[in-house]
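Peer 1: The primary structure of each chain is shown beneath.
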Amino acid sequence: MSYTATQNEFLGFGLGLRPDHYQTILAEKPSVDWFEILTENYLIPGGKPLDFLDKIRQDYPMVMHGVSMSLGSFDPIDLEYLTAVKQLIKRVQPKWISDHLCWTGIAQKNMHDLLPLPYTEEAIQHVSNKIMQAQEFLGQQILIENLSSYITYQQSQMPEWEFLSEVAHRADCLILLDVNNVYVSAMNHEFKPMDYMNAIPAKRVRQIHLAGHSNEQGCIIDTHDHPIIDPVWDLYEKTLRRMGKVSTMIERDDHIPPLSELLQELKFARKIADKVFAEQNEYA
Amino acid sequence: MNMLKQLQNDFQEYLLNDDRNIYKNIVSTERMPVDKRLNIYANAYYARLSEALSATYPTIQSYLGFDDFYKLACEYAKSHPSEFRSIRWFGDKFPTFLQNHLAEIAEIEWTMSAVFDSKNATPLSIEELANIPPESWESMQLKLHPSVRRINLNWNSIAIWQDLIQDKTPSDPIKNEFTVPWIFWRKNLDNQYCSLEAEDAWAIDAIIRGENFGTICEGLLQWNQEEDIGMRAASLLKGWTEAGLLWYNADINY
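So the sequences go chain by chain: C and E. Position one of the first sequence corresponds to residue 1 (the numbering used here), numbered consecutively onward. Position one of the second sequence corresponds to residue 285 (the numbering used here), numbered consecutively onward.
Keep in mind that the hints were calculated from the coordinates and are not lab data. Among the hints, erroneous ones may be present.
What the hints assert, rightly or not - Cut-off 20 Å, straight-line C-alpha distance, at most; resulting in silico cross-link-like pairs (SDA-like, lysine to any residue):
id	chain 1	residue 1	chain 2	residue 2
1	C	LYS95	C	SER156
2	C	LYS109	E	CYS358
3	C	LYS192	E	SER312
4	E	LYS289	C	SER156
5	C	LYS109	E	ASN305
6	C	LYS55	E	PRO317
7	E	LYS427	E	CYS358
Unchecked claim - Derived contacts from chain E toward chain C, CB cut-off under 8 Å, selection only:
id	residue
8	LEU291
9	ILE310
10	ARG321
11	LEU322
12	SER363
13	HIS364
14	SER366
Treat the numbers as computed from the prediction; the structure is a model and nothing was measured. Where is the CB? At the ideal position from N, CA and C, for every residue including glycine.
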């Protein structure tokens, strides 16, 4: 099955849908172009979370973002999980779905963490096959997201950007580019973030994540619990210059502030993008 | 063993059992040696699972305090590695991991979570109940709303749990003289719970076992005179229906 001709759809600027904000969203209908939901939070039989989801999706486009597909795991693809995801897709009708370029456990265990892969030919083949299986089962192209990582395997034969690009090419999947993760990994692995961005095939980048992180004893940890820092905003601007119009969202998973605070951050993202797009239009 | 599988096995063994085989496969730098790099994953593993448990068992965490809860969560994580896709279900065996009143408070919290996101269903209404032909009552098989959960408690754990929810000093644990039956369910998306009389609990458990209404009425003879059974059964049925405990569905057998 080939998906290469899929048209990019620019959704604008979105936020992660979090339970803390359900009531405010329904009451105030804030100016957010779309919401991203965490798939696993809604793989439940019923009750309030799904009720809120059904109501909010009437007013906002949604995308689904999962953490458990474990596409890089040596275990076979989990069809029971994919079946549940497929049912949720039917309910939510997301614009697209995404997961990560990682593994989360083997031998049926789940570490509930996004663990890095060795950047090898063997891993490219393995993860590409699993992405293709997932796409075939779900009947659509999926987006895979780059991780923030703290280790490099001795066995790695190429930089992460080459690995990600090759996987996306072979699996014919799309990319969710997490700008903060590139920044975090660049600091921890001592590479230039723009070397990464320049190597990623722009035509496959469908969505961008922005987030904050923590700095702990000289190491940068991707905690998604702080506002976005200036160097990440700079990297976002440079990334947009290279990638063009890409749907962007802000992820906050911990220390969740009032919605108004995240709306301010989103406004800042819009401002940067407007500037870049205006310059690009002028140049064109 | 295949290289990818070996690396994943060694990495997982490091997280689960602190096995150091993975060390030789990780690049070390002066600024960030291997130990520091891998520690980030180990710390995150236990922090994440402890956080997930505290989300499901917030009053156990308040009762024990953050540090003791964290230690307990790490012990639980070591003995019960997750096999769930969603971290929501990770604490499923936590109540049986604990003892006495703590086990019961955990059981209450797990039950509340299960009720909260259980399957949606339209409860049987009084009108629908009234439409059931009288000649069918004896053989009809009632169904409980999918959110209904029944538990029995031997301690004053509900009182302690309620104190903790309200940020009050928790009552001292006291073992009950008798086991107290409780029922939890959801009505209009909000969780409900109450204790049950022995007769009521027996009848609800009989519905769960799949007994028909005639058999339930016979069972009620343990607590009632024969001439009162009809009235008593009708009163129970009305009470359950008003509470939203019964489920109207096409499979209802009458």
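Peer 1: Against each hint, give a clear statement of whether it holds in the structure.
Peer 2: Each hint, compared with the structure:
Distance check on the hinted pair: LYS95 (chain C) and SER156 (chain C) sit about 34 Å apart at the alpha-carbon level, beyond 20 Å; violated. Straight-line distance between C-alpha atoms of LYS109 (chain C) and CYS358 (chain E) comes to about 16 Å, which keeps the hinted pair within the 20 Å bound. A threshold of 20 Å between alpha carbons decides the hint, and for LYS192 (chain C) with SER312 (chain E) the separation of about 19 Å falls inside it, so the pair holds. For the hint pairing LYS289 (chain E) with SER156 (chain C), the CA-to-CA distance comes to about 14 Å; that is within 20 Å, so the pair holds.
Only pairs whose Cα atoms come within 20 Å are accepted, and LYS109 (chain C) paired with ASN305 (chain E) is accepted, the gap being roughly 19 Å. Restraint check for LYS55 (chain C) and PRO317 (chain E): not satisfied, since their Cα atoms lie roughly 49 Å apart, outside the 20 Å limit. Proposed proximity of LYS427 (chain E) and CYS358 (chain E) is contradicted: the alpha carbons are some 40 Å apart, above 20 Å. For LEU291 (chain E), the suggested interface contact is upheld, since its CB lies about 6 Å from the closest CB of chain C, less than 8 Å.
Because the beta carbon of ILE310 (chain E) sits about 5 Å from the nearest beta carbon in chain C, less than 8 Å, this interface hint is met. Interface restraint check: ARG321 (chain E) against chain C, minimum CB-CB distance 5 Å, threshold 8 Å, status holds. The restraint placing LEU322 (chain E) at the interface with chain C holds, with a minimum CB-CB distance near 7 Å, inside the 8 Å limit. For the restraint placing SER363 (chain E) at the interface with chain C, the shortest Cβ-Cβ distance is roughly 13 Å, beyond the 8 Å limit, so the hint is violated.
The closest approach between the C-beta of HIS364 (chain E) and any C-beta of chain C is roughly 11 Å, which is over the 8 Å cut-off, so the hint fails. Restraint check, SER366 (chain E) versus chain C: the minimum CB separation of about 5 Å is within 8 Å; hint holds.
Going down the numbered hints, you'll see the structure goes against 1, 6, 7, 12 and 13, while the others check out.
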